[in-house]
Amino acid sequence: TQLLEQSPQFLSIQEGENLTVYCNSSSVFSSLQWYRQEPGEGPVLLVTVVTGGEVKKLKRLTFQFGDARKDSSLHITAAQPGDTGLYLCAGAREGYSTLTFGKGTMLLVSP
Amino acid sequence: GAVVSQHPSWVICKSGTSVKIECRSLDFQATTMFWYRQFPKQSLMLMATSNEGSKATYEQGVEKDKFLINHASLTLSTLTVTSAHPEDSSFYICSARDPGQVNYEQYFGPGTRLTVT
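Protein sequences, first through last, are from chains A and B. So in this note's numbering, spot 35 of the first sequence is number 35, and the numbers just go up one at a time. So in this note's numbering, spot 56 of the second sequence is number 56, and the numbers just go up one at a time.
Be aware that one or more of the hints could be misleading.
Stated by the list, open to error - Cross-link-like lysine-lysine pairs, in silico, DSS-like; alpha carbons within 27 Å at most:
#	chain 1	residue 1	chain 2	residue 2
1	A	103	B	66
2	A	70	A	59
3	A	103	A	57
4	A	70	A	57
5	A	103	B	41
6	B	41	A	70
7	A	56	A	103
8	B	64	A	103
9	B	14	B	41
Treat the hints as calculated values from the structure; they're not laboratory data. On a predicted model such as this, the values are computed, not experimentally measured, just so you know.
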C-alpha cells in the first residue's frame with residue numbers, strides 16, 4: 001500500500017486549461033513538499049507547506065495543505081507548455097529522517 | 001536555493017566493472033545525503049541514507065555490498081556501483097538536506113544516467 005497516493009498518474013491537456021493534482025494519505029505529515037522534474041534532470045523544489053489549511057501561491061501554481069495535514073493539492077491555472085514535467089509530492093513524518101514520495105503525476109501541456 | 005551537483009552526468013560501462021558517482025553540496029554543509037534510483041516515467045526509489053562520518057542506512061532490498069556509499073565530508077557523498085550488470089542501468093539521483101532548513105526539504109542533484117553494456 002502506497003503511503004502517499006498521488007493522482008492522476010498521467011495528465012495530457014491543452015495550453016490554457018486548468019488542472020489539479022492530489023496527494024492523499026491516512027498519515028499525518030509535519031510538512032509536505034512539491035517538486036517538478038523535467039526529463040533527464042533532478043527534481044526541483046517548488047514549495048513546502050507546513051501548517052494545516054495553508055495555501056501558497058507561486059505565480060499560476062496554488063498549493064494547499066489539508067486541515068489535518070494528511071493531504072495536499074496542486075492547482076495550475078492556464079497551463080503552459082513550460083509546465084510539462086513530472087510533479088512529485090513528498091511528505092515528512094515525525095521521527096523519520098526520510099521523505100515519503102508519491103508516485104508522481106506526469107503532466108503534458110500541448111500548445 | 002541550495003545547490004547540489006552530481007558527477008558524472010552520464011556514464012557507460014562494461015558489465016563487471018565498477019562505477020563511482022559523486023554528489024556534492026556546493027553552498028551548504030550536508031550531514032545527511034540521500035541516494036535514489038529512478039526508472040523511466042516513475043517516481044524516486046530511495047536506496048540509502050548517507051550519514052557523514054558513519055555508515056549508510058540502506059533501504060530494504062538494496063544490496064549494501066553492491067552499492068557502496070561513502071560520506072567522507074560534509075559536502076561529498078559517493079555511490080559506487082560494484083560489478084555492474086545491465087540490470088543496474090538506471091537514473092541515479094542524490095539529494096542533500098540543508099540543516100538550516102527545518103522542514104526536511106531535500107535539494108536534488110541533476111542525476112547520473114548509468115548504462116551498463
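Handout entry: Broken hints, by number
Key = Failing hints: none at all.
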